[in-house]
Amino acid sequence: MEGSPRGLHWKTRPLVEWAEGRPFVWVDDEINAVDRQWVAAAHPGPYLLHRVDPAEGLTDADFAVLVVTARSFGGRRGGPRRR
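According to this note's numbering, the residues represented by the sequence shown are 1381 to 1463, in order.
Hints listed in this document are in silico derivations from the structure and should not be mistaken for laboratory results.
Small disclaimer: the values here were computed from a predicted structure and weren't measured.
A virtual CB, placed ideally from N, CA and C, is assigned to each residue, including glycine.
Treat each hint with caution, since some may be false.
[To be verified] The following label-pair restraints were derived from C-beta to C-beta distances:
no.	residue 1	residue 2	range
1	Ala-1420	Val-1448	28 to 34 Å
2	Pro-1434	Gly-1454	29 to 35 Å
3	Gly-1383	Pro-1424	16 to 22 Å
4	Pro-1385	Phe-1443	28 to 34 Å
5	Glu-1410	Phe-1443	18 to 24 Å
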């Protein structure tokens, strides 16, 4: 995708490029709607963008979401990146 829309987090594009279509989870306190829209358009594989409350940090509920997501990815392992 050409260019970056206003409000896109600086991590978003590099994370999607690194994933190369493989499943990934991004946990951050700065994920926003622009990031979600951009990833939906740019990443063909499964993913989760999970925003955490910076005042609370990771909670048991956050970990529960991450476990469910990891299980939903099933056996879709991408293995190491090839260059």
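Practice task
Starting from the hint list further up, note which numbers the structure goes against and sort them upward.
Solution key: 1
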